[in-house]
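Residue numbers (the working numbering), protein chains in the order written: chain F, 1 to 290; chain A, 291 to 673; chain P, 674 to 870.
Quick caveat, the hints were computed from the structure, so don't treat them as lab data.
You may find that some hints are simply not true.
[What the hints assert, rightly or not] Short, incomplete list of chain A residues facing chain P, as computed with Cβ under 8 Å: (1) Leu301; (2) Ile304; (3) Ser308; (4) Val311; (5) Leu312; (6) Tyr316; (7) Glu322; (8) Asn326; (9) Ile601; (10) Leu602.
Every residue, glycine too, gets a C-beta built ideally from N, C-alpha and C.
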Amino acid sequence: MGVITISLLTMGGIGLLFAIILLLAYKKLAVEEDPRIKEIEALLPGANCGACGYPGCAAYAEAIVLEGVPFNKCAPGGAEVVEKIAKVLGVEGVEVGERKVAQVMCQGTDEAALDRAIYHGINSCRAAHFTLGGDKECYWGCLGFGDCVLACPFDAIHMTDKGIPLVDRDKCTGCGLCVEACPRDIIELVPISQKVFVLCKNEDRGANARKYCDYACIACRLCVRNAPQGSMEMKNNLAIILDHKQVDGEAEKVIAKCPTKSILKLVDDEGEFHLPPALEGAKIVPTLKR
Amino acid sequence: MRIEIKMVLVLTVIALISGLVLGLAYEETSPEIERNLELAKERALKKVVPNVASYETKQVDRYTTIFTAKDSSGNITGYGVLIEGSGFQGPIKLMVGFDTTMMQLTGLEVIENIETPGLGNRITEEWFKKQFVGRVPPIEVVKGKKPVNEHEIQAITGATISSRSVVRIVNTAQSKLISSLPRASYSPPNSHSQVAQRQNGGQKKVAISAARTHRKIEKRKRVKEEKSISLAEQKSEEPDTTCLKYMSEFVRPIRRCRTIPMPDSLDAFLACRGAGDSIIGVIVRGTGFMDRIKLLVAMDAGDFRIIGIKILDMAEGEAFGNGRDSTFWSQFNGRTPPLALKSDENPSGIDAISGATETSEAVITIVNMAKIRAEKALSEIQS
Amino acid sequence: MKKAFVNGLVKENPVLVGLLGLCSVLAVSNTAINSVFMAAAVTFVLVFSSLIISIIRKLIPDQVRIPSFIVVIATFVTIADLFLKAYFPEISKNLGPFVPLIVVNCIILARQEAFASKNPVHYALADALGMSIGYSWVIILLGITRELLGFGTIFGHRVLGAWFHPFVVMLLPPGAFITLGVMVGTMRWIQAKTSKS
Numbered sequence: 001m002g003v004i005t006i007s008l009l010t011m012g013g014i015g016l017l018f019a020i021i022l023l024l025a026y027k028k029l030a031v032e033e034d035p036r037i038k039e040i041e042a043l044l045p046g047a048n049c050g051a052c053g054y055p056g057c058a059a060y061a062e063a064i065v066l067e068g069v070p071f072n073k074c075a076p077g078g079a080e081v082v083e084k085i086a087k088v089l090g091v092e093g094v095e096v097g098e099r100k101v102a103q104v105m106c107q108g109t110d111e112a113a114l115d116r117a118i119y120h121g122i123n124s125c126r127a128a129h130f131t132l133g134g135d136k137e138c139y140w141g142c143l144g145f146g147d148c149v150l151a152c153p154f155d156a157i158h159m160t161d162k163g164i165p166l167v168d169r170d171k172c173t174g175c176g177l178c179v180e181a182c183p184r185d186i187i188e189l190v191p192i193s194q195k196v197f198v199l200c201k202n203e204d205r206g207a208n209a210r211k212y213c214d215y216a217c218i219a220c221r222l223c224v225r226n227a228p229q230g231s232m233e234m235k236n237n238l239a240i241i242l243d244h245k246q247v248d249g250e251a252e253k254v255i256a257k258c259p260t261k262s263i264l265k266l267v268d269d270e271g272e273f274h275l276p277p278a279l280e281g282a283k284i285v286p287t288l289k290r
Numbered sequence: 291m292r293i294e295i296k297m298v299l300v301l302t303v304i305a306l307i308s309g310l311v312l313g314l315a316y317e318e319t320s321p322e323i324e325r326n327l328e329l330a331k332e333r334a335l336k337k338v339v340p341n342v343a344s345y346e347t348k349q350v351d352r353y354t355t356i357f358t359a360k361d362s363s364g365n366i367t368g369y370g371v372l373i374e375g376s377g378f379q380g381p382i383k384l385m386v387g388f389d390t391t392m393m394q395l396t397g398l399e400v401i402e403n404i405e406t407p408g409l410g411n412r413i414t415e416e417w418f419k420k421q422f423v424g425r426v427p428p429i430e431v432v433k434g435k436k437p438v439n440e441h442e443i444q445a446i447t448g449a450t451i452s453s454r455s456v457v458r459i460v461n462t463a464q465s466k467l468i469s470s471l472p473r474a475s476y477s478p479p480n481s482h483s484q485v486a487q488r489q490n491g492g493q494k495k496v497a498i499s500a501a502r503t504h505r506k507i508e509k510r511k512r513v514k515e516e517k518s519i520s521l522a523e524q525k526s527e528e529p530d531t532t533c534l535k536y537m538s539e540f541v542r543p544i545r546r547c548r549t550i551p552m553p554d555s556l557d558a559f560l561a562c563r564g565a566g567d568s569i570i571g572v573i574v575r576g577t578g579f580m581d582r583i584k585l586l587v588a589m590d591a592g593d594f595r596i597i598g599i600k601i602l603d604m605a606e607g608e609a610f611g612n613g614r615d616s617t618f619w620s621q622f623n624g625r626t627p628p629l630a631l632k633s634d635e636n637p638s639g640i641d642a643i644s645g646a647t648e649t650s651e652a653v654i655t656i657v658n659m660a661k662i663r664a665e666k667a668l669s670e671i672q673s
Numbered sequence: 674m675k676k677a678f679v680n681g682l683v684k685e686n687p688v689l690v691g692l693l694g695l696c697s698v699l700a701v702s703n704t705a706i707n708s709v710f711m712a713a714a715v716t717f718v719l720v721f722s723s724l725i726i727s728i729i730r731k732l733i734p735d736q737v738r739i740p741s742f743i744v745v746i747a748t749f750v751t752i753a754d755l756f757l758k759a760y761f762p763e764i765s766k767n768l769g770p771f772v773p774l775i776v777v778n779c780i781i782l783a784r785q786e787a788f789a790s791k792n793p794v795h796y797a798l799a800d801a802l803g804m805s806i807g808y809s810w811v812i813i814l815l816g817i818t819r820e821l822l823g824f825g826t827i828f829g830h831r832v833l834g835a836w837f838h839p840f841v842v843m844l845l846p847p848g849a850f851i852t853l854g855v856m857v858g859t860m861r862w863i864q865a866k867t868s869k870s
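Build out the structure end to end from the sequences listed, making use of the hints.
Below is the structure:
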């Protein structure tokens, strides 16, 4: 028998044999996957940021199709993606909440806030925070090492030369990774239309706080008094906005009397965002990977 | 088409096409590959045996092929044994050249090996291979010093195991050669002239030994009346204590016992039980899987049936169970060399020690050598 | 398409960045000439497999994807092996079992799985060539280094004189690992320096 004949028979035989084995395996073991899962996964941004609450876009797609979870949870995807998913599923669009962006609630720049120590260690906010509470006098203030910058998958937050990070509202998708990254919960997700913000997290007594930060909230209660009833409160020496729509309605009045400029109107009535005074003239600086 | 059919079809078709392509490729290249193999073998044969005008091949077993080299007039000029054995990293294939007596090496070529480059690989270097020319198996490896006699070669520094493997394979080659080709081709060497020719620095020792042998044999001749190997008539000697020490384990009672000195100082002992009934014990040395093996093999002096084997030296760690498995050794009793491992072609062979095939094979080779030495020893007495 | 080609040379070099196919790279690179032939064999297999698989990619059902790739790859490897055995028997002996082992070289299967089976022919070809050259320069550089330091020769020609005591370790696995490690480390260092901060 020629070599070629043997070769054909052997290879053909093996091919056939294994193809049949695979066929049987496929029949017995194959899991039928709803093709919509792959379709929806392709529509999602693919950043695997976890804002939706699922470990990655693939998992969220699966949950949408198999478990019927609401498909408006993808903040980075936004309304556009929600609509497309709705089409795939053949349902009416679900209402998407207002777009949220991140906001850094601190004005404790290198110029404005005092340090109490010189820190030598890992260049990370989390590391510094856990090292005896960081090198800043203010225990609640931004340490400026840029953990939030490194956490952002959308390149939407950058460190400035003033030592406080700045959010790029055009790029920010509201995924919330920077919020998690900050060890001091200084960053919050806020509706993009919100105008008034308390840019401070300090809970120290006013008399102390003003000693080490120019922009600290000193709990003087002037803003709370001027805001509509119940829309703001003072808690732990810090002003908190409870109902931002009401506060925004009386923005000028609420912020007028603040002695330290810690409560500000950053978004004007046209919807334009303005830099807080502490960050006037700030330049973006690169944050090195650790 | 249905996914099931498509699956099977596509894979089978791809396999078929692959089979076709490979079949064609093989047909194209296999003549060349064959030719390369033959050329390599022939080249090696010519390197190890002088004056090869033509040759005959005889395949002895899966690992061994014997090439009988002939000159242009058809006379045998030597033998090349193509043999494969295991080295340190993998198999080693050698072409070992023997002279017409099958006792002396005429050359060595390494055909294939995958030993460590720069270390074990150096068995392919000229100086190493040249050592084997003129040597007489069974060969032994010495480390760190120059070889002193025709049984020794020097190991490669840092590649002892590879060196030992080569030696072991060479020894095996000789025993396979001797046991495969007709008796007529084998003639015992003239030990005196060989000894005189070997001038490897052991001159004095060898010369004295030769002289001693000569004297003793002359003495025997004077006293002996019959040509029979029975020693019952020899009455005028002291009891040979060395001989008794070794042989009394195998033979009792012993009427007469004498040492037959051998040119390489691995002596033989002849013990006489009664008229015409003698046992010859031969000391043999060889290389096992990793280290030396020294045995005393006792055989019937008439038909060379093995009476028993005593281990004189066997390194610990030599094979699993350190090779002292008595079921293995007792297999030899009652058998006549040459012996081989049990196999399909040889169902009555020796069962190897499980997990220690290399050692077992080495032992069998050594036992086969013992018979040859016994013959040699006996012929010396007779001459 | 150019991007697909350039990718494999440095940025996503299969050996130094992907750390794929290390078995063959370490094992046969003890002399420069062996490295050259190995690189040639890998290139041949990678390029042709990618070509074929890219061409028939739409025909292969997902369920028999992997066996199909392997059969194609194995066919080309066998052809390369036979070719070497017939026309370069010495080299074939030196390379030993590592030519057949190209079948399971991660680089090749990875490229088919990730690229060739999902992209049109010209992309697949570019990628295959890029990856092949990326693999080749690494293994040849490694081979030259090891031969130079281990024997004092390059391609068999004596370069370092008798004063040079060869580092035999370079010919053995530890030498290979250390040299490769240095190369990978250098690559990372260059990457860190040149990446956008």
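We went through each hint and held it up to the structure:
no.: 1; hint: Leu301; result: holds (4 Å)
no.: 2; hint: Ile304; result: holds (5 Å)
no.: 3; hint: Ser308; result: holds (4 Å)
no.: 4; hint: Val311; result: holds (6 Å)
no.: 5; hint: Leu312; result: holds (5 Å)
no.: 6; hint: Tyr316; result: holds (6 Å)
no.: 7; hint: Glu322; result: holds (4 Å)
no.: 8; hint: Asn326; result: holds (5 Å)
no.: 9; hint: Ile601; result: violated (36 Å)
no.: 10; hint: Leu602; result: violated (37 Å)
When each numbered hint is compared with the structure, violations occur for hints 9 and 10.
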